[in-house]
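Enquirer: Letter by letter, the chains look like this.
Protein chains: 2
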Amino acid sequence: LLEKCFSLDLPDQPETLEQLLVDCRDTLKYGVSTGHPRFFNQLSSGLDVIGIAGEWLTSTANTNMFTYEVSPVFILMEEFLLRKMQSIVGWSDDEGDGFFCPGGTISNLYSILVARYHFYPEVKTRGMGLLPQLALFTSEHSHYSVKKSAAVLGMGSDNVVMVKCDERGKMIPAELEACIVTAEEKGLVPFYVNATAGTTVYGAFDPLNAIADICHKHTLWMHVDRGGGGLLMSDRHRMKLQGIERAWSVTWNPHKMMGVPLQCSVILVKKRGLLQECNELGAEYLFQTDKPYDVSYDTGDKSIQCGRHVDVFKLWLMWKAKGSEGFGSQVNKCLENAEYLYDQLQRKTDFELVFKSKPEHSNVCFWYIPPSLRGLMKRVAPRIKSRMMEKGSVLIGYQPLGAKVNFFRCVFSNPATQQEDIDFLLDEITRLGDDL
Amino acid sequence: LLEKCFSLDLPDQPETLEQLLVDCRDTLKYGVSTGHPRFFNQLSSGLDVIGIAGEWLTSTANTNMFTYEVSPVFILMEEFLLRKMQSIVGWSDDEGDGFFCPGGTISNLYSILVARYHFYPEVKTRGMGLLPQLALFTSEHSHYSVKKSAAVLGMGSDNVVMVKCDERGKMIPAELEACIVTAEEKGLVPFYVNATAGTTVYGAFDPLNAIADICHKHTLWMHVDRGGGGLLMSDRHRMKLQGIERAWSVTWNPHKMMGVPLQCSVILVKKRGLLQECNELGAEYLFQTDKPYDVSYDTGDKSIQCGRHVDVFKLWLMWKAKGSEGFGSQVNKCLENAEYLYDQLQRKTDFELVFKSKPEHSNVCFWYIPPSLRGLMKRVAPRIKSRMMEKGSVLIGYQPLGAKVNFFRCVFSNPATQQEDIDFLLDEITRLGDDL
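Each protein sequence line maps, in turn, to chains L and P.
Heads up: the first sequence begins at 1 in the working numbering, then just goes up one per residue.
Heads up: the second sequence begins at 1 in the working numbering, then just goes up one per residue.
Hints in this document: simulated from the structure, not taken from any laboratory.
Worth double-checking, as some hints may not be accurate.
One copy or two, it doesn't matter: identical chains are merged, so the pair holds either way.
As the list claims (entries may be wrong) - In silico DSS-like pairs for lysine-lysine, Cα to Cα no more than 30 Å straight-line:
| id | residue 1 | residue 2 |
| --- | --- | --- |
| 1 | Lys4 | Lys29 |
| 2 | Lys217 | Lys271 |
| 3 | Lys4 | Lys84 |
| 4 | Lys29 | Lys84 |
| 5 | Lys164 | Lys291 |
These figures come from a predicted structure and were not determined experimentally.
Work the whole structure out from these sequences, hints included.
Expert: What follows is the structure in structure tokens.
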């Protein structure tokens, strides 16, 4: 259908500027307004003008993070911002390393990569053949990137043990302990635990201190995925991440609740120098060591990527524009929206919450139950969403999880979202769904 | 020094708009003008206004390639452009798959990942433990990403065999054949050969047809790195890539000689469906299968990344603006510049070419020999470059390679570069170097 409104065709001869402008207009017109206050589909939403200005300047500068000589300002900025983020995580001044990655999955992949290298440095040159069969642990509610990374890195997705969660979606520490013992009995060697601070669907926080105790006892690498989605910036909510300072690595995605334009994700590693050792190949034809400056500023040999997009500037500029407190209140606002939605849902008879307790994060999960369809709930969310997509009035995600059939998951990350948008969401669901 | 001109500090309270504008100005001021016609340091250069407009629209749209529901236009565009690029590579209509990646190293990593999965699908779930010790082959002049990917994927960088090149930097097919036999004798299992179409330093083209014959004989995966840097777009130069259609996968980086703003890299895989099978985990909580559209348009489970930056639009818009022929003549212009520089260098007594034959790509490699320093050549290029960086008049890369001491490598990708800029480069090197 879309293909009919829009010609994707690429000509041999140049097209006119007028045609290009029509194409640009159509691209935006037929696209999805992710910046609209009623876009609840993903956490990557909002349209921060300063962030966009930052991205525009970045693309105009059109440079690359691999060497200081082509990116002196951005390299120093990255270094500075990483220190700032490491201190917010709670690491001491002589701890912490990292960089910006193309998305949270790659950040998580780095955490497993350096963990493996930390315990088995010979893997870099000699491969997995000499290693024992490694086991990784993550909760059943965690992001699939742990499994995906294990497959990519040659560890096998089957060797990722999915630890049970409680009703609220938090990893159960006693289950983790039991899984570690079982894995060892099977001849596997546990080495890595991923804890999630803000799961994708429920927005649940794993108990970081309890997990850190277990990792300490068994000498396992502890990674924290999603660094709480910006909750570390909020004085009111950062206590939900107590224990994060004990992690050996942290993924933090400012392109989610902090509203930074895509892509903006950071991997932080506590032990300094490990990323460099793990990834460097010393290709002197690209990273010369006889340059007229301190070549430790060249980050290209520390990452898997050679060229690396500049993702730091937009975050730095937004931070200047909002101040740390501005990010804090932006996060608070998102969580207030979640509480408001939770309160409204409790009052309505045709909606049902997926779990009863108050939201800890910006996620609110619920079903809409149209009069005629009790018992056939599975199809409700997809059909309402289909109508939403046709009408284009609002967008929200849904998914099944374990035994729970398709439910809506609302997340808040757009500071422009008002309570009236939340009211609209519920009314619109009812409008679109009451004849189902 | 830079830290003194520029405050990186991030405040708790918002800063004024005036201060933000000063910061933006300073960021550009102290940055490196990669778009300047005298920036010869890397292939990622130029400042294509249409490309930048494309990137600006992309950041304004602020969406994500993982699902059709949030990126309908960009997903169709990606599909369309991939088909176009696959047909330019020379694959038939029922062949070809791929996507845009965050840089050429990740594209190359994908090629090894799918090659391993193609021969050993059980690796995905069970890991490398059950596999034989695999061996990979690439030329000694190829990009280090093959080694880096082997380390990341758990194959070990030592198991990447570096095949000898001729004087011109091209892989020697008889050496490849010999390396394969030697590896087998050592008990390794060869499975993957990377051929380079345009090496980083010399701009050399490996003999693709001869390599394809060897891969066919031994049933090895054949990958072509760098798809010729845009030479496929030129009727005059595409014969240098004869045999590329026989590759099982190709990396093509339009952010290099085609001048697309960073990042813009594509992995193309001949066998359709392999990327999906290799990477999919079927996380239904993210990629629902009961959506109101054909979910094969959702690319999120086909890639390692979950969220994926929109890199297609700027390329599509530039293609519209230039037409295929426009890209072709842009590439021709870069190669004409290289020939012009080569001719000038032959005429000058204080410069020496690193290899005597005419450039095949846009790379020209040379030494500057100041009167007093014959015999101490190693230090010349770094010292001249250091002076260039201080003065800011021009920027060019240098490196050693094998037994050859530090030499300059000039590459052309910026359509704005004129012959007078090339003359300036040589004069400036002489000015900065004649007292060394």
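Enquirer: None of the hints should be skipped; say for each whether it holds.
Expert: Evaluation of the provided hints:
In this assembly of identical chains, Lys4 and Lys29 lie within 30 Å of each other by CA distance solely inside one copy; the values are 14 Å within and 45 Å between copies. In this homomeric assembly, Lys217 and Lys271 come within 30 Å of each other (Cα to Cα) only inside a single copy, at 19 Å, whereas the closest approach across copies is 47 Å. In this assembly of identical chains, Lys4 and Lys84 lie within 30 Å of each other by CA distance solely across copies; the values are 18 Å between and 49 Å within a copy. Taking the shortest Cα distances, Lys29 and Lys84 sit within 30 Å of each other only across copies (24 Å), while inside one copy they are farther apart (39 Å).
Proximity of Lys164 to Lys291 under the C-alpha cut-off of 30 Å is restricted to the inter-copy arrangement: shortest distance 28 Å between copies versus 52 Å within a copy.
The structure meets every hint from the earlier list without exception.
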